[in-house]
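Asks: Sequence:
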Amino acid sequence: AGQAAIRQRMTIPPEASKLANEANAVFVDEDYETALELYTEAIKVAPTCAELYVSRAVVHLKMDNFTSAIADANKAIENDPQNSKAYLRKGIACFNMEEFATAKKAFEQGKQIDPDNSQFKTWIRKCNAELEEEMAGDEMPAPHSNGASTAPTPAPAPIQGTSQPPPPKPVQRFRHDFIQNPTFVTVTVYIKGANPENCEITFEPRALSIDWTISKDDSWQISFDPLYDEIVPNESTTNFFGTKVEIKMKKKNSVKWDSLELKVDEKPLDELSEEEIRRRRDYYPSSKSQGGAAKNWDKICNEIPEDKLEGEEALNSFFQQIYGRGSDEVRKAMNKSFQESGGTVLSTNWGEVGTKTVEGTPPQGLEMKKWKDLHN
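Quick note on numbering: this note's numbering labels position 142 of the sequence shown as 1465, and the sequence is numbered without any gaps.
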């Protein structure tokens, strides 16, 4: 399904591709108003492209325009009935409108198309929990009425002749960035308080999704789909820290990623020629242009000799080597002599220091005093 979606993207007219790429860029910065305008312009150019409707549905979800998100998801399904992401967006919109039965049906339909996507399982579980709660609420007896009116107070009518200021552009809630080497891509998301219990990370061969439940009334999701190239999900890991989450994705191919997501009009790596892939390898770019062989800079760095240590640094390095390579008795002798002498004696002979207290030996001209003597 993922490859079919990518091929469909490649058939989008260049003008629509350009607009979609611009929309993707501002969407990442959480400028949803501009993203919505750009996706709408792209759809005018390519009105049968299901992926554009799916992308615009995501923007509607971020703006809490759930009815519009459902409409876009339905339009995507109409153009591509096998688009699992459309069912996912429809289900999330219905869930937020508390239409849990309809949401569950959409998630189940999407799961049939893409059974490996664990997001469907998670959302179906959420729907079941809400439906069970609704059933439990229906069984509770209604409270007794005291005859007082419970009609809601009507909202005040807007004052005529006044214009509302335009809403400010949203500020990006959570920042993220990524770094890479030939083997891994590491994405860092700066969110505070996320942990394995409240934040679900989903790895797919061509997608990464984050679903963080911040509180009972607030959650945050972001997805990168499709990723620039394939990853190995079962060799990808997540580490949670106090103020950030580090997501380490194993690359399937040792090539440089120009971005986290594949642009709409960009070829996936599995459709590039061997020469094009070779140009994207993580080698120093000027080595080929000068007629030389591609350089392995990791190997070259390992061959560079380290700077020679001098003075106290050299002495400390020497002691560290002795301690690291020594036997258990050598280490015990070094620890005991150093601690008992107040740091003035360092012996490696356990037979000499193991049966007696090691007295301190201060440098010539200095007097040694113990800590307890200074506070009496």
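In short, the hints are calculated from the structure, not lab data. Incorrect hints may have been included.
Dumping the calculated DSS-like pairs for lysine-lysine here, alpha-carbon to alpha-carbon at most 30 Å [what the hints assert, rightly or not]:
(1) K1586 - K1571
(2) K1398 - K1367
(3) K1655 - K1679
(4) K1586 - K1567
(5) K1571 - K1515
(6) K1398 - K1571
(7) K1539 - K1428
(8) K1341 - K1385
(9) K1571 - K1444
(10) K1341 - K1449
(11) K1341 - K1367
(12) K1571 - K1449
(13) K1539 - K1341
(14) K1579 - K1567
(15) K1515 - K1567
(16) K1679 - K1586
(17) K1575 - K1586
(18) K1444 - K1575
(19) K1385 - K1655
(20) K1341 - K1428
(21) K1341 - K1586
(22) K1586 - K1444
(23) K1385 - K1539
(24) K1385 - K1449
(25) K1586 - K1367
(26) K1539 - K1579
(27) K1449 - K1579
Restraint-style ranges between C-beta atoms, simulated for each label pair [claimed, not checked]:
(28) E1558 - M1386: 49 to 55 Å
(29) S1538 - K1444: 34 to 40 Å
(30) D1387 - K1571: 30 to 36 Å
(31) S1650 - W1543: 50 to 56 Å
(32) V1351 - F1564: 18 to 24 Å
Given the structure is predicted, the values throughout are model-derived calculations rather than measurements. Beta carbons: idealized from backbone N, C-alpha and C, even for Gly.
Asks: Hint by hint, say whether it matches the structure.
Replies: Hints versus structure:
{"no.": "1", "hint": "K1586 - K1571", "verdict": "holds, 21 Å"}
{"no.": "2", "hint": "K1398 - K1367", "verdict": "holds, 13 Å"}
{"no.": "3", "hint": "K1655 - K1679", "verdict": "holds, 13 Å"}
{"no.": "4", "hint": "K1586 - K1567", "verdict": "holds, 27 Å"}
{"no.": "5", "hint": "K1571 - K1515", "verdict": "holds, 18 Å"}
{"no.": "6", "hint": "K1398 - K1571", "verdict": "violated, 35 Å"}
{"no.": "7", "hint": "K1539 - K1428", "verdict": "holds, 23 Å"}
{"no.": "8", "hint": "K1341 - K1385", "verdict": "holds, 22 Å"}
{"no.": "9", "hint": "K1571 - K1444", "verdict": "holds, 23 Å"}
{"no.": "10", "hint": "K1341 - K1449", "verdict": "violated, 37 Å"}
{"no.": "11", "hint": "K1341 - K1367", "verdict": "holds, 13 Å"}
{"no.": "12", "hint": "K1571 - K1449", "verdict": "holds, 27 Å"}
{"no.": "13", "hint": "K1539 - K1341", "verdict": "violated, 39 Å"}
{"no.": "14", "hint": "K1579 - K1567", "verdict": "holds, 24 Å"}
{"no.": "15", "hint": "K1515 - K1567", "verdict": "holds, 6 Å"}
{"no.": "16", "hint": "K1679 - K1586", "verdict": "violated, 73 Å"}
{"no.": "17", "hint": "K1575 - K1586", "verdict": "holds, 19 Å"}
{"no.": "18", "hint": "K1444 - K1575", "verdict": "holds, 26 Å"}
{"no.": "19", "hint": "K1385 - K1655", "verdict": "violated, 62 Å"}
{"no.": "20", "hint": "K1341 - K1428", "verdict": "violated, 35 Å"}
{"no.": "21", "hint": "K1341 - K1586", "verdict": "holds, 9 Å"}
{"no.": "22", "hint": "K1586 - K1444", "verdict": "holds, 28 Å"}
{"no.": "23", "hint": "K1385 - K1539", "verdict": "holds, 18 Å"}
{"no.": "24", "hint": "K1385 - K1449", "verdict": "holds, 19 Å"}
{"no.": "25", "hint": "K1586 - K1367", "verdict": "holds, 19 Å"}
{"no.": "26", "hint": "K1539 - K1579", "verdict": "violated, 40 Å"}
{"no.": "27", "hint": "K1449 - K1579", "verdict": "violated, 38 Å"}
{"no.": "28", "hint": "E1558 - M1386: 49 to 55 Å", "verdict": "violated, 36 Å"}
{"no.": "29", "hint": "S1538 - K1444: 34 to 40 Å", "verdict": "violated, 23 Å"}
{"no.": "30", "hint": "D1387 - K1571: 30 to 36 Å", "verdict": "holds, 33 Å"}
{"no.": "31", "hint": "S1650 - W1543: 50 to 56 Å", "verdict": "holds, 54 Å"}
{"no.": "32", "hint": "V1351 - F1564: 18 to 24 Å", "verdict": "holds, 22 Å"}
Violated hints for the displayed structure, listed by number in ascending order: 6, 10, 13, 16, 19, 20, 26, 27, 28, 29.
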